[in-house]
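**Q** Next come the chains, spelled out residue by residue.
Number of protein chains: 2
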Amino acid sequence: MASLSRPPRTAPRGEGRTAPPGEAGLLDAAIAVMAEHGYHGTSVREIAVRAGVSPAALYHHFPSKQQVLVTIMERGIEALLDRTRTALAAAGPDPVDRLRALVEVQVLFHLEDQRGTLLGTSELRALEEPVRGPHRAKRAEQQRMFDGVIADGVAAGVFGTPLPEEAARAIVVMCTGVAGWYSPRGRLSRAEVVRRYQRLALDMVGAQR
Amino acid sequence: MASLSRPPRTAPRGEGRTAPPGEAGLLDAAIAVMAEHGYHGTSVREIAVRAGVSPAALYHHFPSKQQVLVTIMERGIEALLDRTRTALAAAGPDPVDRLRALVEVQVLFHLEDQRGTLLGTSELRALEEPVRGPHRAKRAEQQRMFDGVIADGVAAGVFGTPLPEEAARAIVVMCTGVAGWYSPRGRLSRAEVVRRYQRLALDMVGAQR
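Just so you know, the protein sequences line up as chains A and B, in that order. Just so you know, UniProt numbering puts 14 at position 14 of the first sequence, and the rest follows in order with no gaps. Just so you know, UniProt numbering puts 172 at position 172 of the second sequence, and the rest follows in order with no gaps.
Source of the hints: derived by calculation from the structure; they are not laboratory data. The reader is advised that the hints may include incorrect statements.
Because identical chains cannot be distinguished in the list, a pair is counted as satisfied if it fits within a single copy or across any two copies.
Capping the alpha-carbon separation at 20 Å, the derived lysine to any residue pairs in SDA-like fashion look like this [as the list claims (entries may be wrong)]: (1) K138 to Y59; (2) K138 to R190; (3) K138 to R196; (4) K138 to G206; (5) K138 to L127; (6) K138 to W181.
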C-alpha cells in the first residue's frame, strides 16, 4: 500500500562511512526484506542490515518492527485514499468518467509500488490493535468509493448490472491484483493496463458502449 | 490452494496420551500456524505443537518445513486442476456453460478452504526450486483453461469482449479473491456467490444476456 520515494542522500558513501538512508530508505529496506520473508520472518536487525545502518539507528526512527509495518501500511492507505478522493473530485458527475477515474488510481497505485502494495495486502494480519481496526476501516472507505460510484451509475440508468455491490468488490480485487502479475518488461505499458481495466470494469457494470 | 480433509483419529485422546493426527492433521496444523505467522515466521516445532505431536513425529512424515509447504501447495494445485478439468469435461460445448463451470470451481475451491488457499497465494514466494518452477507452470495451466474457454467464446461470436486475455486473468483473480473477503456468517451462501460471480464473469466477457 506504500508508495515511498527515497530522498537524496545528504552525504556520499565511501571513506568507510555510510550516509544514513533516512526514514524513507529504512521503509524501502523493510518492504524489500518483508516481501521476501514476511513480517514475522523478518527481524529489525535484517531491516537495518539491508538499509546499511545499525539496529540502534533504526530504533532511532521506529520504536519497534510493528511501528515500521504500521508506518508502511498507514502511509500507503492514506496515499491511496487521498489520490482516489482527488481523482473523483476532478472526474465530474458522469458515472462512466468517475468509474474510469477510480480504476485508473487503483491500477496505477498498485503498479507503481508492486512490492509494497503486495506486502500491504498479505501482512494485514500482522497489523496489531489499536491500529488494525482503524486501518481496516480506511480500506473499507476505499471500497465504499467504488460502491458509491457504481450505485450512482445504476440509479442514473447508466450502468445496467443487477449486482452493483459484487461488481464493486470484484473491480477493486482485480485492480489490486495487477500488483501480483504485472511485469514492466511485458508487452503492456502501465497506461495500457489502465485503459484495458477501465474497459473491463465498464463491461462488468453493464455500461452502454 | 489446499483442500485437505482430516481423517478420523484412530485412537481417542486422553489417558495422558495423544493420538497422532496423521499427515492430513499435520498439514491442517501447518496451514493454521503459517496463516498466522507466514512460512518464514513458522518453525517445525510450532507446527508440531499445534498438531499435538513432537517435532520428531512431524519429521517422520515430512523431512523439512519446506516439504510441508510443498505438500500443501502441490496437493492444492493438483486438486484444483483436477476439479477444473472434470468440470470442463462435463460442461459440454457451449462457451457460456463452460465459463460458468470454470467460475463455479474456482470460487467454490477458494471458499471451501479460505485459509489454505490464501496461504497458497501468499507463500508462492517461499516455495523453493526445483518445485517452484513446475508449480508455477501448473498455475499457468489453470489460467490457460480460462483463456481457452474465453477465446473459444469470442471466436464463436458468443462473447463480445475485445480483451479476452485480460478478462480471463481478471476473472481468475476475482474468483480467487473470494477467499480474502467471504464470511460464512455473511448474507451470501457459497452457492449464491458462485451464481453472482458467474453473472459478473459473463458480463465482463460480453456474453449476450
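**Q** Between copies, within a copy, both or neither: which fits K138 and R196 at Cα up to 20 Å?
**A** Cα proximity of K138 and R196: none, with 27 Å in one copy and 26 Å across.
**Q** Evaluate K138 and L127 at a C-alpha cut-off of 20 Å and name the case that applies: within, between, both or neither.
**A** For K138 and L127, the Cα distance is within 20 Å only inside one copy (14 Å; across copies 32 Å).
**Q** Between copies, within a copy, both or neither: which fits K138 and W181 at Cα up to 20 Å?
**A** This pair counts as between: shortest inter-copy Cα distance 15 Å, intra-copy 25 Å.
**Q** At most 20 Å between alpha carbons: which applies to K138 and R190, within, between, both or neither?
**A** Neither, since 26 Å and 27 Å both go past 20 Å.
**Q** Which holds for K138 with Y59 at a C-alpha limit of 20 Å: within a copy, between copies, both or neither?
**A** Intra 27 Å, inter 43 Å, cutoff 20 Å: neither.
**Q** Can you give me the call for K138 and G206, within, between, both or neither, at a CA distance of at most 20 Å?
**A** Neither way: K138 and G206 sit 28 Å apart in one copy and 33 Å across, limit 20 Å.
In summary, the structure is inconsistent with hints 1, 2, 3 and 4 from the numbered list given earlier, while agreeing with the others.
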